[in-house]
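Q: These protein sequence lines map, in sequence, to chains A and B. Residues are numbered in this note's numbering as their position in the first sequence, beginning at 1, plus a constant of 212. Residues are numbered in this note's numbering as their position in the second sequence, beginning at 1, plus a constant of 48.
The set of hints was computed from the structure by calculation and includes no laboratory data. Some clues are possibly wrong.
[Said to hold, decoys possible] Where chain A lies over chain B, by a calculated footprint (3+ residues, C-beta under 8 Å):
| # | region |
| --- | --- |
| 1 | 80-93 |
| 2 | 186-197 |
| 3 | 217-227 |
| 4 | 265-278 |
| 5 | 370-384 |
| 6 | 399-409 |
[What the hints assert, rightly or not] In silico DSS-like pairs for lysine-lysine, Cα to Cα no more than 30 Å straight-line:
| # | chain 1 | residue 1 | chain 2 | residue 2 |
| --- | --- | --- | --- | --- |
| 7 | B | Lys227 | A | Lys256 |
| 8 | A | Lys280 | B | Lys209 |
| 9 | B | Lys388 | B | Lys110 |
| 10 | B | Lys304 | B | Lys162 |
| 11 | B | Lys260 | B | Lys272 |
| 12 | B | Lys227 | A | Lys215 |
| 13 | B | Lys70 | B | Lys349 |
| 14 | B | Lys227 | A | Lys322 |
| 15 | B | Lys162 | B | Lys275 |
| 16 | B | Lys142 | B | Lys388 |
| 17 | B | Lys265 | A | Lys256 |
| 18 | A | Lys328 | A | Lys215 |
| 19 | A | Lys256 | A | Lys328 |
| 20 | B | Lys142 | B | Lys349 |
| 21 | B | Lys110 | B | Lys75 |
| 22 | B | Lys275 | B | Lys265 |
| 23 | B | Lys270 | B | Lys299 |
| 24 | A | Lys322 | B | Lys388 |
| 25 | B | Lys209 | B | Lys162 |
| 26 | B | Lys209 | B | Lys75 |
| 27 | B | Lys265 | A | Lys322 |
| 28 | B | Lys304 | B | Lys268 |
| 29 | B | Lys227 | B | Lys282 |
| 30 | A | Lys322 | B | Lys299 |
| 31 | A | Lys328 | B | Lys388 |
We treat Cβ as the ideally placed atom computed from N, Cα and C, and that holds for glycine.
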Amino acid sequence: MAKVEVTIVTYRDIFQEEAKEIGRYSDEYRDLSALILLDRGDMKLIETEDGQTVQVDTDWGTVVVTAKLSEEDEEHPGLAFMPNSPWSNQLVSGDTGTSKIPEFKRIRAKVSATDKEVDTISDLVERIRAD
Amino acid sequence: MAVCTGCSLLCDDIELECDDGKISLTKNLCRKGEGRYRSLREDRLVPAVDGVKVSFDEAISKAAEMLGDAENPLLFGWSNSTLEAQRIGIDLAKKLGATIDDTSSFCQGYLMEKVLRGEYPTCTLDEVRNFADVLIYWGSDPSSSQPRHMSRFSYFPRGEKRQRGYEEDRTAIAIDVRKSPTVVITADGFFRIPPGGDAEFIEALLAALGGKMPKVKDKKMKKKILKLGSTLRKAEFGVIFPGLGLIYSLKDEIDKLTPLITRLNEVASYKLIPMVGHYNMRGFNQTLLEETGHINRVSFKDGVEHGPQFAVTEAVNDCDALMVIGSDLISALPAAISRKVARIPTVAIDPHRNLTTDMARVTIPSALSGLEAGGSALRMDGVKIEFEPVIESGYRSDAEILSRIMEAV
Ligand code: SF4
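Taking the hints into account, I'd like the entire structure generated from these sequences.
A: Below, the structure written as structure tokens:
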């Protein structure tokens, strides 16, 4: 399966922030969090379309989220965006360097199309508990 | 009038009507604040020990026992607690010989420290509204995170010396890696930088301010930065609003920003207000600074010690009991670190159920500040805002819960 390498930058979104206030377990929060915004060209490379699921892998973890076409005016191959959430946090390195701040905004990852379903918050909780 | 504790703007103009003890109408809340108000009825936490519902008193005793018996307790959270609760929390940490840290440790801490120590000039948001003419949103996106920032204070309102508002009196600049909703508002003032490109942008701006050619490959960008240099020089009252984008890019190299702040203040007048998220992060940082000389990452095990080893991301490696108050730590950290947190016996105090409370041994429900409990907090610019509860509920305030734990330890 074709894979594309990207740097993921996380961001905050007001609709997702509102959903977070109401509850981490709501479907609304998942729908607004389990996302990756990809460049049009990168989407083509992995033969995926807006609204389909993709698997995102890093050395630190894996998540299945919905791919969305980025709305940036300029092309940005190799750059992807994810709302900051427990989904993006599956991918962040556990090494925090001298600052002791995790690398939340520069995550090196591989993205590929998948038939799997989007991870639920319970899936993530299980993975955190399992180790 | 009520105060919203949805973010560090602590909007104090919230109108509401109550019907039968419930809020029936609100005015002036943003979408995020609205979410906080609606959360009054959603996913409220119950007192429990090991997943079994217990009385409030039993939960307090178990929490006190766990923390009191621990060799290396860690007390974390604090930025969603009132000043009153934070003070008791610091006393509790002293009594327990615990490590104490807050969300600023992996958020705005490095920058907030500069501001609180007086190393970077700052001002209040009221001064911004009245006087600011050049606004720089750097790696910040108030439209998403502090939604009424631009309408109450920084961009849209008319002020004492800014009678013509944003149309003519204010210039907004956004430096970001993406076209955020704030960038859309600032339009021509958008400077797109690559992830981690902030240090290079600082260099380019310093060159432009010094009348030199910025070392940037893209010709269009070079021109734009030169023009920005002249705009920045003309400011009467400039303000930088740095967000997590800038902090995470520079981290402990935040000093790279210092020459720019210095230079800007040689050619004009510039202030800086960190774009804090949680409603009282600044309150905790200031209170701990007054008590210990440090804004976060402190251990009371052997007098007062401070260092990176007491950052929550490190301290979870060797703490044997954890208390988390007003923070969903498990959600906020990389899963690689959350897995460690999940193994620590934890006491979680929160108004709501979340991933951290679900993994905690003891859960203690608390009141939502500003709605069910009163107190005070420091707005992102350091202005103290006081609030009263606006509805009655059986939930206890953070301050009361912490006092009870303190008595029981
Ligand atoms: S801007 Fe912040 S404090 Fe004001 S209403 Fe919105 S969430 Fe509440």
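Q: Please go over all the hints and tell whether each is borne out by the structure.
A: Going down the list of hints, with the structure as the test:
A count of 8 residues in the region 80-93 of chain B with a Cβ less than 8 Å from any Cβ of chain A is obtained; the coverage claim is therefore met, three being the minimum. Closer than 8 Å: that is the beta-carbon criterion, and the region 186-197 of chain B has 5 residues meeting it against chain A, so the requirement of 3 holds. Only residues whose C-beta sits within less than 8 Å of a C-beta in chain A count toward coverage, and the region 217-227 of chain B has 3 of them, enough to reach three; the restraint holds. Under a criterion of three residues with beta carbons nearer than 8 Å to beta carbons of chain A, the stated coverage of the region 265-278 of chain B fails, only 0 such residues being counted.
For the region 370-384 of chain B, the assignment as covered by chain A holds, since 8 residues bring a beta-carbon within under 8 Å of that chain's beta-carbons and 3 suffice. Given as covered by chain A, the region 399-409 of chain B passes the check, having 6 residues with a CB less than 8 Å from a CB of that chain where 3 are the minimum. Of the supplied pair hints, the one linking lysine 227 of chain B and lysine 256 of chain A holds, its CA atoms being roughly 22 Å apart against a limit of 30 Å. Pair hint lysine 280 of chain A plus lysine 209 of chain B does not hold up; C-alpha atoms about 44 Å apart against a cutoff of 30 Å.
For the hint linking lysine 388 of chain B to lysine 110 of chain B, the alpha-carbon distance of about 22 Å falls within 30 Å, and the restraint holds. This hinted pair checks out: lysine 304 of chain B and lysine 162 of chain B have alpha carbons roughly 12 Å apart, not beyond 30 Å. Proximity of lysine 260 of chain B to lysine 272 of chain B is assessed by CA-CA distance (about 13 Å); at most 30 Å being required, the pair is judged to hold. For the suggested pair lysine 227 of chain B and lysine 215 of chain A, the alpha carbons sit about 25 Å apart, so the restraint of at most 30 Å is met.
Proximity of lysine 70 of chain B to lysine 349 of chain B is assessed by CA-CA distance (about 45 Å); at most 30 Å being required, the pair is judged violated. Simply put, lysine 227 of chain B and lysine 322 of chain A have alpha-carbon atoms about 23 Å apart, close enough for the 30 Å limit, and the pair holds. Taking the CA atoms of lysine 162 of chain B and lysine 275 of chain B, the gap is near 29 Å; set against the 30 Å cutoff, the hint holds. Distance hint between lysine 142 of chain B and lysine 388 of chain B is fulfilled; the C-alpha atoms sit about 25 Å from each other, no more than 30 Å.
This hinted pair checks out: lysine 265 of chain B and lysine 256 of chain A have alpha carbons roughly 29 Å apart, not beyond 30 Å. A distance of roughly 16 Å separates the Cα atoms of lysine 328 of chain A and lysine 215 of chain A; the hinted pair therefore holds under the 30 Å criterion. Between lysine 256 of chain A and lysine 328 of chain A the alpha-carbon distance is near 19 Å, which keeps this suggested pair within the 30 Å criterion. With a CA separation close to 8 Å, the supplied pair lysine 142 of chain B and lysine 349 of chain B stays within the 30 Å bound.
Of the supplied pair hints, the one linking lysine 110 of chain B and lysine 75 of chain B is violated, its CA atoms being roughly 41 Å apart against a limit of 30 Å. Proposed proximity of lysine 275 of chain B and lysine 265 of chain B is supported: the alpha carbons are some 16 Å apart, at most 30 Å. Under the criterion of a C-alpha separation no larger than 30 Å, the hint pairing lysine 270 of chain B with lysine 299 of chain B is consistent with the structure, at around 26 Å. In summary, the hint linking lysine 322 of chain A to lysine 388 of chain B is supported, as the alpha carbons are separated by about 25 Å, within the 30 Å threshold.
Restraint check for lysine 209 of chain B and lysine 162 of chain B: the C-alpha separation of about 28 Å stays at or below 30 Å, so the hint holds. With a CA separation close to 28 Å, the supplied pair lysine 209 of chain B and lysine 75 of chain B stays within the 30 Å bound. Between lysine 265 of chain B and lysine 322 of chain A, the direct Cα distance comes to roughly 28 Å. Compliance with the 30 Å bound is thereby established for this hinted pair. With a C-alpha separation of about 25 Å, the suggested pair lysine 304 of chain B and lysine 268 of chain B falls inside the 30 Å cut-off, and the hint holds.
Using a Cα cut-off of 30 Å, the hinted pair lysine 227 of chain B and lysine 282 of chain B holds, with the two alpha carbons roughly 26 Å apart. Restraint check for lysine 322 of chain A and lysine 299 of chain B: the C-alpha separation of about 25 Å stays at or below 30 Å, so the hint holds. Simply put, lysine 328 of chain A and lysine 388 of chain B have alpha-carbon atoms about 28 Å apart, close enough for the 30 Å limit, and the pair holds.
Checked against the numbered hints given earlier, this structure breaks hints 4, 8, 13, 21; the rest are met.
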